[in-house]
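K.L.:
Take a look at the letters that make up each chain.
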Amino acid sequence: AQSVTQLDSQVPVFEEAPVELRCNYSSSVSVYLFWYVQYPNQGLQLLLKYLSGSTLVKGINGFEAEFNKSQTSFHLRKPSVHISDTAEYFCAVISNAGNMLTFGGGTRLMVKP
Amino acid sequence: GAVVSQHPSRVICKSGTSVKIECRSLDFQATTMFWYRQFPKQSLMLMATSNEGSKATYEQGVEKDKFLINHASLTLSTLTVTSAHPEDSSFYICSARSGDTEAFFGQGTRLTVV
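Just so you know, the sequences run in chain order A and B.
For the first sequence, the numbering used here begins at 1 and goes up steadily by one.
For the second sequence, the numbering used here begins at 1 and goes up steadily by one.
Only chain B is shown next, with the shape it has when bound in the complex (with noise of 0.2 angstroms):
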């Protein structure tokens, strides 16, 4: 199946920074990103759906301007959590699909606010 590489695996930062995490398509062009939040023992909670070259779409109560997504090219997509807070502190997946019904997940970013 198609690779999705999402870096880092495990960020540690200071309450008030920001942070980055790239996901990228290894072997496909993903016309469609997907970033996902996942609570401790729960299910995935879309955060916001992005396409190349367009502004993210965000799910009801999402703050798109804490979640910065970028999907510049049809490879790469970044979400930035900005000025994070101890709350923010979460399991964070990527997901991209190339227009097929399948969708490859990222590895996951294990954020802790400090």
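Pulled out of the complex, with its shape left as it was, chain A reads as follows (with noise of 0.2 angstroms):
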């Protein structure tokens, strides 16, 4: 069984400043890190993932993520947001013998001006 948790169900945050949001994993097998972004009534974009290689990954919009496998986590960042940048976000995994995505619980990124 896998499970994520994401430590803040709301991030308030000023535009221009940086942001992190944090997401944490269980797992007893090797996973595919995800971060998905919602805005209101909408589906999911996927904002960036893990699947091997560099820890660090660069997504859309200028975000980045770093896979960290002792620590369990995959952090979401952003140097400087934007208004735009309002919205819900999600981190998944999926193992990577398995077929289906587990989420968080969801961190809503409020940027105020």
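Incorrect hints may have been included.
Claimed, not checked - Subject to a maximum C-alpha distance of 20 angstroms in a straight line, what follows is the list of computed SDA-like cross-link-like pairs (lysine to any residue):
#1 B:20 with B:114
#2 A:49 with B:41
#3 B:41 with A:11
#4 B:41 with A:66
#5 A:112 with A:19
#6 A:49 with A:66
#7 B:20 with A:41
#8 A:49 with B:114
#9 B:41 with A:84
#10 B:41 with A:39
Simulated from the structure, these hints should not be mistaken for lab results.
Two chains, each in its own frame: build the complex with the hints.
P.N.:
This is the structure in structure tokens:
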């Protein structure tokens, strides 16, 4: 079984400030890791993913995440946020032998002017 | 990336009626489709997994007779909410995979039962 924990349900931040959204996972097998963004009343859009290779992954909209196997973490970062980044962010994992994404509880990023 | 189209985006129905939601993979063949339900300010909860040509596998606690899932072709899966009640009001999202690791999501359907 696998699980995903997003430690912060809400993260308020001022525009142009840096932000980190935390994600920790647990799994007995190797996993692939994803971050998705959801704008109001919309589906999910993939921000970035880690499958293998370099542990620092760059995604769309200036986001990046770092896979830390020893800490079982995959935190999402952006050096300078915009108002348009206000959305819900979901961390998700899938085992390399599995078929189903397991989502974290989500983190609402609220960017203030 | 691949495109998954979900229709309708919003639907309002009367209590006791049935509603069908369609999920189509537009430019790839989806061997597996997933249906999620999302409550306000909460994460996505997997309802069921469907493979083309076979019966859907439902998660614990999901009523298979109430949420009918059909995956008749490699590009289409449908979710029918039967005898809808106000507590079925929610945001439903489908996802499709072609055997690769990445899942592509539909735009979601906001169901309101009045």
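K.L.:
Would you list, in rising numerical order, the hints stated earlier that this structure does not obey?
P.N.:
2, 4, 8
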